Amino acid sequence: AQKITQTQPGMFVQEKEAVTLDCTYDTSDPSYGLFWYKQPSSGEMIFLIYQGSYDQQNATEGRYSLNFQKARKSANLVISASQLGDSAMYFCAMREGLGGTSYGKLTFGQGTILTVHP
Amino acid sequence: NAGVTQTPKFRILKIGQSMTLQCAQDMNHNYMYWYRQDPGMGLKLIYYSVGAGITDKGEVPNGYNVSRSTTEDFPLRLELAAPSQTSVYFCASRRAGGIPDASPLHFGNGTRLTVT
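Chains as they are written, first to last, in the numbering used here: chain A, 83 to 200; chain B, 17 to 132.
Keep in mind the hints are simulated off the structure, nothing from the lab.
You may find that some hints are simply not true.
[To be verified] 30 Å max Cα-Cα, derived DSSO-like pairs, lysine-lysine:
hint : chain 1 : residue 1 : chain 2 : residue 2
1    : B       : K73       : A       : K187
2    : A       : K187      : A       : K155
3    : B       : K60       : A       : K85
4    : B       : K73       : A       : K85
5    : B       : K30       : A       : K155
6    : A       : K155      : B       : K73
7    : B       : K73       : B       : K30
8    : A       : K152      : B       : K60
[What the hints assert, rightly or not] Selected chain A positions facing chain B (in silico; Cβ < 7 Å):
hint : residue
9    : M127
10   : G134
11   : G191
Just so we're clear, the structure is a prediction, and the values are computed from it rather than from any experiment.
We put the CB at the ideal spot given by N, CA and C, even for glycine.
Same shape as in the complex, but just chain B:
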């Protein structure tokens, strides 16, 4: 079981460049999420998706875009990279929850991004 796979593992961008962080899951999970983790801090939600074709903003969406054309893939796009986007990015997924909704998030191993 691969679980949640993120690529690349590391990336250095120059200010103003763009890139796409890839995320794929093979667990047939409907729900997917993108979080960022700044040094010494907790995770903050950027965007999430409840199924193919459906996405919504989280707590810190500015400077990012997402799409969800398939159940498996949830790429995160950075346009015009800024130093403030230097962070570790985590993709996560989970199965649809019952009631009560207790299913945990399954995380990828993260992408460490530096913008200089």
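Pulled out of the complex, with its shape left as it was, chain A reads as follows:
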């Protein structure tokens, strides 16, 4: 079974609008973290935001926020006020065993390509 599922192969959004990229996950570990990365066409992987399973509030980093619904096992990325430079592939990833048993390994979803239209 897939541990991380991103069901949207591609998404389109108008500049200055908000967009939500979906991510669902599967784990029986009570201690885990969700990460989002951005991969522009140039290929590098850029860390955006992190949410821990025990965090009481949804994570925010500038225009990025995470809509974390633990019971539904979803960790959707919300980008507000989209910019042309947001066009990229976006990956959701999970780390299980935050107590030190994971050795930091991340499991990635297949990604969502976001295109921002002017």
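Starting from the known structure of chain A, fit chain B onto it as the hints suggest.
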């Protein structure tokens, strides 16, 4: 700050050839990782290391070998290259995590490998 440096950026190999992908980090990170990214797909873990002299297999280790003789370097060796190893290879590192372990991975810019 150079961060994580991967060389080469691009390489074409013939079937059966061997090569080493180089990875170096200057952040004094203990943890290092090798991932591969097939076209249109997510990243899959090949090998990882928690410190000099300690390595372990990830999800897709077959056809690869690693070594970690120093904290800074984590080369990935491909023996007898096959077309199935055509991919983009990413090296990553991170500092040792606290509890909870929330430190992100820092990635290099990748090596695009084609095996024909």
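Note to self: Under the constraints set out in the numbered hints, which ones does this structure not fulfil?
What the structure shows: 5
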